[in-house]
Amino acid sequence: MQIAVSGGKGGTGKSTVAVNLAIALRGYFDLALADLDVEAPNDHILLGVELQNEEPVNMFMPRFNYSKCIKCRKCAEVCEENAIITMKDGTPFLMPTLCSGCRACEIVCPVTGAILEGQKLIGHTYITETPYEFSLVTGKLLEGEERAMPIVTAAKRRARSLNKELLLVDTAAGTSNTVSKALEDSKLLIAVTEPTPLGLHDLALILELARLMNIEAWVVINRSDLGEKEGIEKIAQKYNAEIVAEIPYSEAIIRSYVKGEPIVLADSKEAEIFKDLAEKIANYMG
Amino acid sequence: MQIAIASGKGGVGKSSVAASLIYLLKDGYSLIAVDADADAPNLHLLFGVERWEEKREIIGAKIAKINSETCIKCGICAERCPYDCIKLVDGVYKVNELTCEGCGVCKLVCPVEGVITLEEVRSGIIQKTTTKYGFPLISAQLDVGRPNSGKLVTEEKEWAKRIMKEEGIEHMIVDSAAGIGCQVIASLGGADVAILVAEPTPASLSDVKRVYKVVQHFREPAYLIINKADLNPEFKGLYEFAEEEGIPIIGEIPYDRAVPKSMAMLKPVVEAFPESKASKALREIAEVVKEQILR
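Here the protein sequences come in this chain order: A and B. If you count the first sequence from 1, position 88 lands on 88 in UniProt numbering, and the numbers rise without skipping. If you count the second sequence from 1, position 247 lands on 247 in UniProt numbering, and the numbers rise without skipping.
Because the hints were derived from the structure by calculation, they are not lab data. Only a predicted model underlies this, so the values are computations on that prediction, with no experimental measurement involved. Treat the hints with care, as some may be off.
To be verified - Straight line, CA to CA, 30 Å or less: simulated DSS-like cross-link-like pairs of lysine-lysine:
1) A/LYS229 / B/LYS277
2) B/LYS94 / B/LYS213
3) A/LYS234 / B/LYS55
4) B/LYS55 / A/LYS238
5) B/LYS261 / A/LYS234
6) A/LYS88 / A/LYS74
7) A/LYS229 / B/LYS132
8) A/LYS164 / B/LYS261
9) A/LYS120 / B/LYS213
10) A/LYS164 / A/LYS229
11) B/LYS261 / A/LYS238
12) B/LYS87 / A/LYS74
13) B/LYS26 / B/LYS165
14) B/LYS165 / A/LYS259
15) B/LYS94 / A/LYS238
16) B/LYS267 / A/LYS238
17) B/LYS128 / A/LYS164
18) A/LYS269 / B/LYS261
19) B/LYS26 / B/LYS161
Said to hold, decoys possible - Here chain A is said to cover these stretches of chain B; the calculated rule only asks that three of the stretch's residues, wherever they fall, bring their Cβ under 8 Å from a Cβ of chain A:
20) 48-56
21) 65-78
22) 92-106
23) 179-190
24) 211-218
25) 231-237
Where a beta carbon is used, it is the ideal one built from N, C-alpha and C, also for glycine.
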């Protein structure tokens with residue numbers, strides 16, 4: 001089973017909700033948390049742990065064996081990213097920054113051994129044991145690399161290999177296809193938003209994505225006392241998404257966030273909000 | 001001059017800082033604003049934009065399609081898809097259109113000619129308006145579930161450059177997306193200067209360090225603005241980072257409820273609440289930007 005925490009806009013509190021929910025849900029499920037915001041992974045910082053068990057994510061890059069290449073140009077023709085250019089005589093060259101590692105060139109090359117296996121490190125995945133009885137899987141894109149999708153895919157595969165009863169995924173901001181990849185196979189999406197015009201705009205997008213993916217969506221309003229909730233209620237109603245929790249602006253949450261001590265562990269009213277939500281999720285997931 | 005504003009982490013106030021700086025610079029300088037957060041654009045909201053003058057559809061994303069009538073269900077496509085996008089659903093192989101990267105591997109490995117095709121789809125729109133403040137704004141919106149938003153940002157910047165030429169505009173201010181991926185790389189590429197916005201939290205420090213590595217890759221001078229600076233007085237990480245890397249801190253903005261309030265009013269805080277603490281800090285920052293960056 002899988003649940004996702006997302007929210008469209010950055011900084012609405014996705015990661016705060018994800019780590020606190022993970023802790024609150026451990027009483028109900030044997031679970032893992034996957035941080036799939038590979039451009040800016042922060043769940044380990046919020047949990048106060050150092051990333052462990054690093055595994056490289058290498059991307060295939062063609063290496064041309066010019067003694068075997070017959071200069072047929074098929075590799076260049078098939079490359080959707082235009083990463084392979086050919087000289088006048090057909091000699092291929094790779095522009096590494098454009099290559100997406102899809103292997104299309106290798107597949108069409110008619111000569112065995114003319115395209116060799118080259119690799120480029122584009123990021124890492126980690127499995128970190130937390131002090132809270134669940135494992136954290138993290139994907140982290142290397143700085144300067146553009147392609148988040150292979151990291152999200154690799155982190156998700158690694159998370160699945162743990163064979164946990166429940167996988168809770170924390171996605172990146174936005175609604176691009178890397179977010180859809182993170183959401184894929186979720187039974188439930190927890191959309192975190194704030195009651196501002198900006199939050200509203202992005203909530204509509206993430207609920208639209210959930211609809212397209214046939215994922216049940218619930219809404220959590222963070223900093224709920226900040227603005228007007230009517231807009232959020234309207235959008236939620238339009239997408240048939242229940243508003244399941246409201247978290248008021250809280251100095252205690254900010255302090256816990258800064259210290260890497262999740263608020264759900266404190267004896268506070270904020271902790272109760274996450275515990276109630278966890279119970280509701282557990283009942284829904286059965 | 002092209003200035004890119006970036007933060008790594010979302011929600012640290014990049015767009016609200018950008019909107020206020022643009023508002024404060026608009027009178028003395030000719031500028032164009034580019035919202036390069038194609039996933040979640042919001043500068044137009046902060047400038048109260050109500051209508052767009054021109055919209056352009058950007059076609060370019062490719063999505064694989066499987067013809068279930070002629071498919072022999074061998075499953076090779078699903079096995080070879082680098083991103084696990086093809087699944088057997090109700091007895092037929094289907095491409096998940098919301099996660100497909102359009103690489104075409106499935107089409108190449110399919111043993112039956114013509115079963116799998118790559119179709120061009122819309123990746124999103126870019127649009128232009130003249131704000132009520134007089135300067136033009138270019139914004140983008142990636143369609144839900146589409147790949148390669150970097151391309152959208154590149155198109156936006158090309159459009160902005162043409163407008164600059166036509167109208168004799170001197171400066172482009174780019175508000176980039178969160179993260180360090182293709183959109184951010186497209187935002188920073190070609191910029192003369194990067195202004196980084198961070199808040200005093202370990203998460204923001206971690207992310208701003210990551211985006212700074214991308215800035216270094218482009219060999220661009222960087223400046224740092226600390227937002228919500230009084231949120232966490234014990235946290236010295238941002239100062240240490242700036243000192244180690246030799247990044248000038250061009251201002252500190254205190255946490256101020258006037259900022260979210262101004263957002264709800266769809267105005268930059270310096271316009272909505274000019275006497276607030278945040279606005280005072282932002283005006284000082286604008287002076288530093290004028291003296292040190294725009295000169």
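Okay, which hints does this one fail, numbers in order?
The structure breaks hints 2, 8, 10, 14, 17, 20 and 21; every other hint is satisfied.
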